[in-house]
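Use these hints to put chain B onto chain A, whose structure you have.
So the chains spell out like this:
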Amino acid sequence: MGQLTNQTFGQALVIDSLHKTYTGAEHHVFAGYSLSLPGGILCAIVGVSGVGKTTLLNCIAALDTWDSGTIALGDEPVPQNNPIQGALYRRRKVGMAFQWPHLLPEFTVLENMEMPLIIDNTLGEAESAWCKQLLELVGLQDLMHRLPSQISGGQAARVGLARALVRRPAIWLLDEPTGNLDPETANEVFQVLKALHTELRPTTLLVTHNSALADDCERVERLHTSLRSTERT
Amino acid sequence: MKRAFENHIAQRYLKTRRKGAFVRTLLRFARWGVAIGVFTIVVSQAMMAGWREGIQNLLFKATAHFSIHPYSDSENWDTDEALKIIKNVPGVKAVNPFRMDMALSRSARSGQITEPLMLKAVEPETARATSSLFDNIKPIAIESLQPGQVIVGQDFARQQGLRVGDDLQVILSKIDLGLSGMTPKVKAFTVAGIFHSRNSLYDRGWAFVHLDDAKAWAQSEQADGIEITLTDIQQIKVKQNEIRDALGSALARPFITMDQMERNRELFAGLDMLKWIFLAVMSLIVIVNASSITAVLVLLVAEKRRDIGTLLALGATPGQIQRIFQAHGLRMAVVGTLAGLVAALPLCAALDHFQVIQTPAALVDFLPYFPFKLRILDIVFAAAFPIIVAFFASRNPAKKASELNPIETLRAE
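As given, the protein sequences belong to chains A and B, one line each in that order.
Position in the first sequence (first residue = 1) + 898 = the numbering used here.
Position in the second sequence (first residue = 1) + 1088 = the numbering used here.
Be aware that a few hints might be false.
[Stated by the list, open to error] Example chain A residues on the side facing chain B (calculated, C-beta under 10 Å, incomplete):
1. Ala959
2. Ala985
3. Leu1001
4. Phe1005
[Said to hold, decoys possible] The list that follows gives simulated cross-link-like pairs (lysine to any residue, SDA-like), each with its CA atoms no further than 25 Å apart:
5. Lys1303/B / Asp1168/B
6. Lys1303/B / Gly1293/B
7. Lys1487/B / Gln983/A
8. Lys1275/B / Gln1242/B
9. Lys1488/B / Asn979/A
10. Lys1487/B / Thr963/A
11. Lys1030/A / Gln1099/B
12. Lys1363/B / Leu1462/B
13. Lys1487/B / Asn979/A
14. Lys1487/B / Asn980/A
15. Lys1325/B / Gly1336/B
16. Lys1487/B / Pro1003/A
17. Lys1487/B / Arg989/A
18. Lys1488/B / Tyr920/A
19. Lys918/A / Glu1491/B
20. Lys1363/B / Leu1465/B
21. Lys1488/B / Phe1005/A
22. Lys1487/B / Gln978/A
23. Lys1487/B / Leu1002/A
24. Lys918/A / Leu1492/B
Calculated directly from the structure, the hints in this document are not laboratory data.
Built from N, CA and C at the ideal position, the CB exists for glycine as well.
This is chain A alone, in the form it adopts within the complex:
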């Protein structure tokens, strides 16, 4: 794996007294939830299904809203109830990867990598080279001109991870990126993930049900429904 840059992207994440209730729900998803992470850390978020792991990532990504409390990334509070500000904030600070890679089927692997830059209208020679470098980093440089339908699930997952880093985000939000893969491939993708994190050091939140992978992270944040609070290890 080649040396890409000495620059690290990660910024500190501070969540303070987060309250969130789904309309019509009988219980709070978050009741005064707080979390503080230093910049550049790799943190696993674990917990049973429905506990709010994905919701937490969506709130940090300004895709979802909350009732009270604050979320701040670096010095910047995360906007809510403003789709345009939310989109601009994601462009500046957030890289997201999902359980399904959500690659756009009409575009090649390289074009999918370049998509965040195309959205910003900032794609140039240097940026395209950076995308290729990232593909090289995840070992897919030979597949860059293939369509998503022409690569495997594991390869697509790696593209999804790399695409989330194209903008050099302050925070890397990974929602079960290995959840749809067989254990061997999941482990392979996780190693790629760790390598990327080591190389670029974005603040990383990894939602996973795989305790082995979680244990391999620098920190584990465990969410509990009944307690509406957290344990930290």
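Just chain B now, with coordinates in the frame of chain A:
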């Protein structure tokens, strides 16, 4: 390398063959629908413009471009002085003094009074330059017309059984006061020639006599008016005003002008109305067809929900998502419009140039073939209209796409 994000995505969505079968079929229908609408607008408008221009040319060739008359007291003006002034106006090609009278004809052969006849008295030396009616006279040329002679139309001669050399009596709309009281003036002429225009209006109802004859029965030294032909037909309105002003100030009296468009106002109003009706009907076809763009986009948005969610998660703004689908709708309309234009423009040009469609026998003398005249304004309308309709047709589904909740679309997987 930089390319607008919205166009980039829209173009790929349009080109890709990965769309669902319904979307592909509807997309094809929408494109074809727009193309057919544009095609019909261009062809119908070219046909209407061709007919209008053909009729207009026919009328303006048959008579001078316009005529000028004293506003009142038409027997008391100086025709010769007016002719001199008009000839000096730049752009005037030919002038001819004339008198017009309504008459009833009575053939010496049958003795029956027939249909009304428009008796036009012209100066034979200058008449030819102001009307194409004088190009087809047999056996004499208009310049040879003598007082006491008449030239009648082919249809009229056939109807009356007239031949060259026959006598023709006409009952004028002038009254003579004689010993037996008031009687209409009756004049006898010798048929000196028979003309054939391509217009039954003239061939059946017009006859030409020498201006001196008309002056004699009117007991006047003046013409009723002066016919004027210009070098440029487009200048009719301008020159009408210019000549009217010039004569008005020189002869110190008001004048009025009249051209074929005014004389045939009803005909041209009818043609214009027909053109608008055609345009309205064809535009409705375009609206209906372009509206299928809405259906395509609704299906496409439903199919691309996950992609929309992904793009929003990657930082696309709702406005960008809306513009993707609007651009997609507009591209469909543009492709259809171009196809329609590519089919219609060469076809109209070829139909006109090679005179492919012949008119029915009853019209063949009037217009021998269907003329197709392409006018820039008609083409611009045909091109712009579907695109405007597509803009509004794609607005609603595009807006709905921009309002999708990314969390729900991503969770749907």
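Status of each hint after checking the structure:
For Ala959/A, the shortest C-beta to C-beta distance to chain B is roughly 7 Å, which falls under 10 Å, so the interface hint holds. Because the closest C-beta pair between Ala985/A and chain B is about 4 Å apart, less than 10 Å, the hint holds. Checking Leu1001/A against chain B by beta carbon gives a least distance of about 8 Å; that is within 10 Å, so the hint holds. Annotation: interface hint on Phe1005/A holds; nearest CB of chain B at approximately 7 Å, less than 10 Å.
Of the pairs offered as hints, the one joining Lys1303/B and Asp1168/B holds, with about 14 Å between alpha carbons and a cut-off of 25 Å not exceeded. As the CA atoms of Lys1303/B and Gly1293/B are separated by approximately 21 Å, the hinted pair is consistent with the 25 Å bound. Distance hint between Lys1487/B and Gln983/A is fulfilled; the C-alpha atoms sit about 18 Å from each other, no more than 25 Å. A hinted pair counts as satisfied when its Cα atoms are at most 25 Å apart, and Lys1275/B with Gln1242/B qualifies at roughly 21 Å.
About 18 Å separates the Cα atoms of Lys1488/B and Asn979/A, which keeps this hinted pair within 25 Å; it holds. This hinted pair checks out: Lys1487/B and Thr963/A have alpha carbons roughly 22 Å apart, not beyond 25 Å. At roughly 24 Å between alpha-carbon atoms, Lys1030/A and Gln1099/B fall within 25 Å of each other, so this suggested pair holds. Pair hint Lys1363/B plus Leu1462/B holds up; C-alpha atoms about 14 Å apart against a cutoff of 25 Å.
At most 25 Å may separate the alpha-carbon atoms for a hinted pair to count; Lys1487/B and Asn979/A meet this at roughly 18 Å. As the CA atoms of Lys1487/B and Asn980/A are separated by approximately 17 Å, the hinted pair is consistent with the 25 Å bound. Restraint check for Lys1325/B and Gly1336/B: the C-alpha separation of about 16 Å stays at or below 25 Å, so the hint holds. Using a Cα cut-off of 25 Å, the hinted pair Lys1487/B and Pro1003/A holds, with the two alpha carbons roughly 23 Å apart.
Only pairs whose Cα atoms come within 25 Å are accepted, and Lys1487/B paired with Arg989/A is accepted, the gap being roughly 22 Å. The suggested pairing of Lys1488/B with Tyr920/A holds, with an alpha-carbon distance near 23 Å, which does not exceed 25 Å. Restraint check: the Cα-Cα separation between Lys918/A and Glu1491/B comes to about 22 Å, which is no more than 25 Å; the hinted pair holds. A threshold of 25 Å between alpha carbons decides the hint, and for Lys1363/B with Leu1465/B the separation of about 13 Å falls inside it, so the pair holds.
Distance hint between Lys1488/B and Phe1005/A is fulfilled; the C-alpha atoms sit about 24 Å from each other, no more than 25 Å. Restraint check for Lys1487/B and Gln978/A: satisfied, since their Cα atoms lie roughly 21 Å apart, inside the 25 Å limit. Restraint check for Lys1487/B and Leu1002/A: the C-alpha separation of about 21 Å stays at or below 25 Å, so the hint holds. Taking the CA atoms of Lys918/A and Leu1492/B, the gap is about 21 Å. The hint holds against a cut of 25 Å.
When held up to the earlier numbered hints, the structure conflicts with none and fits them all.
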